[in-house]
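Peer 1: Sequence:
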Amino acid sequence: MTLKNFKLFFTEALSETYPKTEIDSFFFILIEEKLNLQRIDTVVQPNFLIEPNLVIELKEITNRLLKEEPIQYLLKKTEFYGLPFTVNKHTLIPRPETEELVTWCLSEIKELKLPQLSRKLSILDIGTGSGCIPISIAKNTENTAISAIDISTKALKIAQENAALNKVVINFIELDILKAKTLNLNSKEGLQEQSINVKIDMIISNPPYVRNLEKKEIQNNVLQNEPHLALFVEDDNPLIFYTKIAELAKKHLHKNGLLFFEINQYLGEETVSMLAQKGFKNIVLRKDFMGNDRMIKANL
776 MTLKNFKLFF TEALSETYPK TEIDSFFFIL IEEKLNLQRI DTVVQPNFLI EPNLVIELKE
836 ITNRLLKEEP IQYLLKKTEF YGLPFTVNKH TLIPRPETEE LVTWCLSEIK ELKLPQLSRK
896 LSILDIGTGS GCIPISIAKN TENTAISAID ISTKALKIAQ ENAALNKVVI NFIELDILKA
956 KTLNLNSKEG LQEQSINVKI DMIISNPPYV RNLEKKEIQN NVLQNEPHLA LFVEDDNPLI
1016 FYTKIAELAK KHLHKNGLLF FEINQYLGEE TVSMLAQKGF KNIVLRKDFM GNDRMIKANL
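Going by our numbering, the letters in the sequence shown line up with residues 776 to 1075, in that order.
No lab work stands behind these hints: they were computed from the structure.
Don't take every hint at face value.
Only pairs whose alpha carbons sit at most 20 angstroms apart, straight line, appear in this in silico SDA-like list of lysine to any residue [said to hold, decoys possible]:
no.	residue 1	residue 2
1	Lys929	Val944
2	Lys929	Pro859
3	Lys974	Glu883
4	Lys1026	Lys1062
5	Lys990	Phe1007
6	Lys942	Asn915
7	Lys885	Arg870
8	Lys852	Ile884
9	Lys885	Glu936
10	Lys852	Lys779
11	Lys809	Ile798
12	Lys1026	Phe1007
13	Lys809	Ile846
14	Lys851	Glu936
15	Lys782	Val830
16	Lys974	Lys1062
17	Lys929	Thr957
18	Lys834	Ser882
19	Lys1062	Ser882
20	Lys851	Phe1007
21	Lys834	Gly857
22	Lys1053	Thr957
23	Lys1019	Ile1058
24	Lys942	Gly857
25	Lys779	Ile798
26	Lys990	Lys834
27	Lys954	Lys885
Given only the sequences and the hints, what does the whole structure look like? Please build it.
Peer 2: Below you can see the structure in the form of structure tokens.
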């Protein structure tokens, strides 16, 4: 099959499922990844002959896209903050909104790194998934000690692979944060009753925040494929993770330490109010590039 004919087949097969812009995006990603071709090659090499074994593989990917499987899972990779990441069904696919959160964190880290600070800056990411937040921060900072927590063993395995892929050192901890009374960043399990003296400069979290009532707003490719454990919370207690993390942050943040959240766009004011009730100050609610309330910064 020629490149031209595959493009025709691919476009026709997906035309009733995806808009043309998305089909074109999928196509160019595939030919670069599987055929080592660029967009311009569809013009200058339309008769490029695709090997039969690759035709079979590309058709299989097309069929899976028809079932609305995310292309990132099909290729087992994505990009976040300009860095390569492995992803699979055990991890969320990193979003552009989270890149904005990382940018905000990095700008604050520059302010925290005062010349008189002789120790490493301690940073903790809670609910790390693929590890995209701590790894991106590690690649763009120096003199930081970064830890990351997740409840999922399988997600942590991917996060560890991504840390190795990007050549950074992250302290990964398996922990159900809702069961934690205190934190111990030196413990494999993360739990230890005597660990109250652990102090952290910055805590970041993008926890589950989509209410079940909002499932109707979620695209099928997300709803049917991405891990619900990392996405959804019960309608009657949507801030369960934020409240728990805020309580732990009060115990473990240094004086003037920072807490960053990615949040549910519909619960911005509720999250701000909860943090204020917990004693946090200088609370800033920030919108994402789509104009939705998406990020919060607060400190003790």
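Peer 1: Determine for every hint whether it applies to the structure shown.
Peer 2: Hints, one by one, checked against the model:
1. The straight-line distance between the Cα atoms of lysine 929 and valine 944 is roughly 19 angstroms, inside the 20 angstroms bound, and the hint therefore holds.
2. Distance hint between lysine 929 and proline 859 is fulfilled; the C-alpha atoms sit about 19 angstroms from each other, no more than 20 angstroms.
3. For the proposed pair lysine 974 and glutamate 883, the alpha carbon gap of about 18 angstroms is at most 20 angstroms, so the pair holds.
4. Restraint check for lysine 1026 and lysine 1062: the C-alpha separation of about 28 angstroms exceeds 20 angstroms, so the hint is violated.
5. For the hint linking lysine 990 to phenylalanine 1007, the alpha-carbon distance of about 9 angstroms falls within 20 angstroms, and the restraint holds.
6. Of the pairs offered as hints, the one joining lysine 942 and asparagine 915 holds, with about 12 angstroms between alpha carbons and a cut-off of 20 angstroms not exceeded.
7. Distance check on the hinted pair: lysine 885 and arginine 870 sit about 24 angstroms apart at the alpha-carbon level, beyond 20 angstroms; violated.
8. Proximity of lysine 852 to isoleucine 884 is assessed by CA-CA distance (about 28 angstroms); at most 20 angstroms being required, the pair is judged violated.
9. Restraint check for lysine 885 and glutamate 936: the C-alpha separation of about 27 angstroms exceeds 20 angstroms, so the hint is violated.
10. Only pairs whose Cα atoms come within 20 angstroms are accepted, and lysine 852 paired with lysine 779 is rejected, the gap being roughly 26 angstroms.
11. At roughly 16 angstroms between alpha-carbon atoms, lysine 809 and isoleucine 798 fall within 20 angstroms of each other, so this suggested pair holds.
12. Between lysine 1026 and phenylalanine 1007, the direct Cα distance comes to roughly 26 angstroms. Violation of the 20 angstroms bound is thereby established for this hinted pair.
13. Distance restraint check for lysine 809 and isoleucine 846: the Cα-Cα separation of roughly 13 angstroms lies within the 20 angstroms cut-off, and the hinted pair is therefore satisfied.
14. For the hint pairing lysine 851 with glutamate 936, the CA-to-CA distance comes to about 12 angstroms; that is within 20 angstroms, so the pair holds.
15. With a C-alpha separation of about 11 angstroms, the suggested pair lysine 782 and valine 830 falls inside the 20 angstroms cut-off, and the hint holds.
16. A C-alpha spacing of about 29 angstroms is found between lysine 974 and lysine 1062, which places the hinted pair above 20 angstroms, so the restraint is violated.
17. For a cut-off of 20 angstroms, the pair hint linking lysine 929 to threonine 957 is broken: about 24 angstroms separates their Cα positions.
18. In summary, the hint linking lysine 834 to serine 882 is not supported, as the alpha carbons are separated by about 44 angstroms, beyond the 20 angstroms threshold.
19. At roughly 16 angstroms between alpha-carbon atoms, lysine 1062 and serine 882 fall within 20 angstroms of each other, so this suggested pair holds.
20. Restraint check for lysine 851 and phenylalanine 1007: not satisfied, since their Cα atoms lie roughly 23 angstroms apart, outside the 20 angstroms limit.
21. This hinted pair does not check out: lysine 834 and glycine 857 have alpha carbons roughly 29 angstroms apart, beyond 20 angstroms.
22. Pair hint lysine 1053 plus threonine 957 holds up; C-alpha atoms about 16 angstroms apart against a cutoff of 20 angstroms.
23. Simply put, lysine 1019 and isoleucine 1058 have alpha-carbon atoms about 17 angstroms apart, close enough for the 20 angstroms limit, and the pair holds.
24. Under the criterion of a C-alpha separation no larger than 20 angstroms, the hint pairing lysine 942 with glycine 857 is consistent with the structure, at around 14 angstroms.
25. Pair hint lysine 779 plus isoleucine 798 holds up; C-alpha atoms about 15 angstroms apart against a cutoff of 20 angstroms.
26. For the proposed pair lysine 990 and lysine 834, the alpha carbon gap of about 30 angstroms is over 20 angstroms, so the pair is violated.
27. About 33 angstroms separates the Cα atoms of lysine 954 and lysine 885, which puts this hinted pair outside 20 angstroms; it is violated.
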